[in-house]
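Peer 1: Listed here are the chains, written in short residue letters.
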Amino acid sequence: GQQLNQSPQSMFIQEGEDVSMNCTSSSIFNTWLWYKQDPGEGPVLLIALYKAGELTSNGRLTAQFGITRKDSFLNISASIPSDVGIYFCAGSRLSTGNQFYFGTGTSLTVIP
Amino acid sequence: SAVISQKPSRDICQRGTSLTIQCQVDSQVTMMFWYRQQPGQSLTLIATANQGSEATYESGFVIDKFPISRPNLTFSTLTVSNMSPEDSSIYLCSVGEETQYFGPGTRLLVL
Numbered sequence: 001g002q003q004l005n006q007s008p009q010s011m012f013i014q015e016g017e018d019v020s021m022n023c024t025s026s027s028i029f030n031t032w033l034w035y036k037q038d039p040g041e042g043p044v045l046l047i048a049l050y051k052a053g054e055l056t057s058n059g060r061l062t063a064q065f066g067i068t069r070k071d072s073f074l075n076i077s078a079s080i081p082s083d084v085g086i087y088f089c090a091g092s093r094l095s096t097g098n099q100f101y102f103g104t105g106t107s108l109t110v111i112p
Numbered sequence: 113s114a115v116i117s118q119k120p121s122r123d124i125c126q127r128g129t130s131l132t133i134q135c136q137v138d139s140q141v142t143m144m145f146w147y148r149q150q151p152g153q154s155l156t157l158i159a160t161a162n163q164g165s166e167a168t169y170e171s172g173f174v175i176d177k178f179p180i181s182r183p184n185l186t187f188s189t190l191t192v193s194n195m196s197p198e199d200s201s202i203y204l205c206s207v208g209e210e211t212q213y214f215g216p217g218t219r220l221l222v223l
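Top to bottom, those sequences are chains A and B.
Under the numbering used here, the first residue of the first sequence carries the number 1, and numbering increases by one thereafter.
Under the numbering used here, the first residue of the second sequence carries the number 113, and numbering increases by one thereafter.
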């Protein structure tokens, strides 16, 4: 199945810094989702995007649906230690119904 | 969002045996899915669990290895059959259409 390219693969940042990560695909998607997964847990939905150009915030998190519909971005402002985890993007295409393809993941470490 | 529970949360199994994982949702849902997450990897869709009909499997996954039941709109099971160490993974169920919500996962270790 298709896999989305997510970058960076890992990040080590100081507490208080801002974080940016992105997800790209060779195909056009009509939905983008961003998840956070803590160790030993299932992924938790952070933000859902349904329209090209859409910019949506959830607290300190902001995500954008790229204009080309082939990419999406997630930003975290003023990082805190509990932001540590693995962040996954996921996208779906109209042609494949409700099937979501997942990114390779970005591992975030926040240094207090 | 729906509340999703999975049983067991974790298990250690011997090769050649089978394990059935249960997924329970607190509300009726149309779409239920099963994913596998191998150690340190991303999520891969195994199949869509269809209520009242056979599951729809993704390329690389077959019914004999991963039989799925979906007896009603709130419950599904995934069986990992004739296990080998390569089946050691986290198995996750999810629900939703335009978005997907995940259960806590079942951590399986095959010795």
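Because the hints were derived from the structure by calculation, they are not lab data.
For clarity, every value in this text was computed on a predicted model and none was experimentally measured.
Worth double-checking, as some hints may not be accurate.
[Unchecked claim] Looking from chain B toward chain A, a few residues come up when the C-beta cut is under 7 Å (computed):
| hint | residue |
| --- | --- |
| 1 | P151 |
| 2 | F173 |
| 3 | D176 |
| 4 | P216 |
| 5 | L220 |
[Stated by the list, open to error] The following residues of chain A were derived to be distant from chain B, with all beta-carbon distances above 12 Å:
| hint | residue |
| --- | --- |
| 6 | Q14 |
| 7 | E41 |
| 8 | Y50 |
| 9 | T62 |
| 10 | V84 |
Beta carbons: idealized from backbone N, C-alpha and C, even for Gly.
Peer 1: Hint by hint, which ones does the structure fall short of?
Peer 2: 1, 2, 3, 5, 7, 8
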